[in-house]
Structure formats: C-alpha cells, structure tokens
Amino acid sequence: MNNVSLSTSGIFVNETTELRFEVRGCRDAHLRLLTQKTQIPPYYLIMIGGWHNNKSVLARHAHYYQEVDNDFGYGEMNCSNYKKFILSWSGGKLQVGREDINGDLLLSYVDPCPFFIQDIQINTEHEGHVEWIIQVPVPTSIQSDPVESKVVDGMFHFETNCPTFQVLTTTTAAHLNECAAICMWSFECSAFEFVNHGRVCELVSNIAVAKTLSSYYRILK
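Using full-length UniProt numbering, read the sequence shown as starting at 1 and increasing by one per residue.
Please keep in mind that the hints were generated in silico from the structure rather than gathered at the bench. Misleading hints may appear alongside valid ones.
[Unchecked claim] Taking CB as the label site, the calculated pair distances span:
#1 Ser80 x Asn2: 17 to 23 angstroms
#2 Glu22 x Phe187: 33 to 39 angstroms
#3 Val167 x Thr8: 25 to 31 angstroms
#4 Ala174 x Tyr74: 58 to 64 angstroms
#5 His197 x His129: 54 to 60 angstroms
#6 Asp71 x Pro112: 44 to 50 angstroms
#7 Thr212 x Asp71: 29 to 35 angstroms
#8 Glu188 x Pro112: 33 to 39 angstroms
#9 Ser215 x Ser9: 34 to 40 angstroms
#10 Tyr74 x Val195: 48 to 54 angstroms
#11 Val136 x Phe187: 25 to 31 angstroms
#12 His197 x Leu105: 29 to 35 angstroms
#13 Thr169 x Lys84: 42 to 48 angstroms
[To be verified] Taking lysine to aspartate or glutamate and the DMTMM-like style, the derived pairs with C-alpha atoms no more than 25 angstroms apart in a straight line are:
#14 Lys84 x Glu131
#15 Lys93 x Asp71
#16 Lys93 x Glu178
#17 Lys211 x Glu15
Quick reminder that beta carbons are idealized off the backbone N, C-alpha and C, glycines included.
All chains should be modelled from the sequences, with the hints used to inform the complete structure.
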C-alpha cells in the first residue's frame with residue numbers, strides 16, 4: 001500500500017487531531033502529515049521501523065528536511081503480527097505512541113510554527129511491504145487554532161523558522177502591540193507580521209502555502 005491519501009479514502013477530515021492505526025511488516029511504515037493535498041512541503045514525516053527496523057523518526061520538512069525526534073531500537077515493527085500505534089497533533093504538539101500515548105511514547109515534538117494538517121498519506125519505501133489497519137477517527141475539537149487561548153495579555157514570540165502562511169488580511173497598526181491585539185481578537189489568526197516603517201500589520205492563519213522560510217510573531221499559549 002503506497003502513497004494512499006486518507007482523505008480520498010474517506011478516513012481523514014480536517015477536524016481530526018488523532019489517528020489510531022495498526023501496521024504489520026518487517027520495516028518502513030511511513031506517514032506524511034500534509035498541509036496541502038500533495039507531497040509539496042511543508043509537511044511532517046513519520047517513519048516507524050526505518051533503517052532495517054532499527055530506527056524511528058519524526059521529521060519536519062519545510063524549507064529543508066529536519067529530523068526533530070528519533071528513537072533507536074530494533075523491532076519496532078513485526079513481520080508477522082500487527083502492532084498498534086496512536087498519532088496525535090494538536091496545538092503544534094505532535095506525538096506518536098505505542099498503544100497509548102500517555103503510557104508508551106515513541107516520538108514527540110512541539111513545533112513553534114505549526115501548520116494546518118489537511119491530509120495524511122501512508123506508504124512504505126525501500127521495497128518494503130506493510131499492511132495497515134486504520135481506525136476511522138471521530139472528529140475532535142477543530143485543529144485550525146493551534147493557539148488554544150488567545151487572551152494572553154499581548155504576549156507573543158518572534159519565530160524565524162516558519163513556513164510561509166496564508167495571509168488572512170492586511171491592515172495598519174500604530175505599533176507592534178496593537179498588531180498583536182488585532183491578531184488575538186481574530187479567531188483565525190495564528191501569527192502576524194509587523195512592518196514598523198509602514199505600520200503594516202499582516203495577519204496569517206496556520207495554513208502553510210509555501211516552503212520558503214518566513215518570520216512571524218506568534219501568540220504564546
């Protein structure tokens with residue numbers, strides 16, 4: 001089973017922030033968390049049982065490929081038996097666990113510039129063969145707001161390693177704090193860019209539209 005899109009299979013919806021699945025195979029179960037309906041970066045990549053079943057990896061591919069977490073250990077996958085995993089992504093926190101995330105965490109990463117997940121693609125590589133059982137997820141709280149609480153007293157953080165996000169609106173603001181306040185009161189705003197000399201305040205969502213690096217002020221949780 002290669003390059004299968006879960007949305008076209010009727011499994012994935014945007015409100016989903018968790019996926020439970022089982023895999024059977026000797027190595028290389030791969031999942032791509034896509035911000036678009038294609039493999040165009042940015043996206044997150046999860047490899048379970050890679051490197052001949054010796055290493056599992058969580059990577060972020062935006063402007064470049066970045067391995068953000070890994071686990072070394074032989075036997076994560078099994079050639080004969082299905083093994084259960086759970087994947088979650090919410091508020092920029094990505095986790096992959098065995099059976100239960102709270103009980104046996106395999107991979108974890110908190111992205112300071114998370115992007116909206118529009119689809120998941122499953123596949124295997126290096127001539128591997130993997131059988132999948134995907135549990136149809138129940139929609140949870142909508143994932144479009146990774147900053148769960150926006151009433152944060154004007155606190156924000158400048159991030160330089162973000163993909164380019166979708167522009168919501170461009171307006172004017174007298175100063176940085178005013179632009180931050182406008183973003184906080186906008187339901188869809190996840191970050192903003194402020195150009196001081198022009199008093200330009202650009203609000204963006206968390207939907208990545210390009211892999212080029214951009215700098216934004218992100219509202220802190």
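Thr169 versus Lys84 beta-carbon gap, inside 42 to 48 angstroms or not = With Cβ atoms ~44 angstroms apart, the hint holds.
Determine whether the Cβ-Cβ distance between Asp71 and Pro112 falls within the hinted range of 44 to 50 angstroms.
-> Roughly 22 angstroms apart at Cβ, these two residues miss the hinted range, so it is violated.
Return holds or violated for the Cβ distance of Glu22 and Phe187 against the range 33 to 39 angstroms.
-> Given a distance of about 37 angstroms, which is inside 33 to 39 angstroms, the answer is holds.
Restraint status (C-alpha distance of Lys93 to Glu178 at most 25 angstroms) | violated (28 angstroms)
Do the Cβ positions of Thr212 and Asp71 conform to the proposed distance bound of 29 to 35 angstroms?
-> Since Thr212 and Asp71 have Cβ atoms about 31 angstroms apart, the given range 29 to 35 angstroms holds.
For the pair we were handed, Lys84 and Glu131, check the Cα-Cα distance against 25 angstroms.
-> Measuring from Cα to Cα gives roughly 12 angstroms; hence the hint holds.
Sort out whether Glu15 lies within 25 angstroms of Lys211, counting only the CA atoms.
-> holds (23 angstroms)
Given a hinted range of 54 to 60 angstroms, is it respected by the beta-carbon distance of His197 and His129?
-> Taking Cβ atoms as reference, His197 and His129 lie about 58 angstroms apart, which means the hint holds.
Take a look at whether the Cβ-Cβ distance between Ala174 and Tyr74 falls inside 58 to 64 angstroms.
-> For Ala174 and Tyr74 the Cβ distance comes to about 59 angstroms; the hint holds.
So the hint says 25 to 31 angstroms: do the beta-carbon atoms of Val136 and Phe187 match that?
-> holds (28 angstroms)
Do the Cβ positions of Glu188 and Pro112 conform to the proposed distance bound of 33 to 39 angstroms?
-> violated (19 angstroms)
Given pair status - Asp71, Lys93, alpha carbons within 25 angstroms = The given pair, whose Cα atoms are some 17 angstroms apart, holds under the 25 angstroms limit.
Going through the hint list in order, the structure does not satisfy hints 6, 8, 12, 16.
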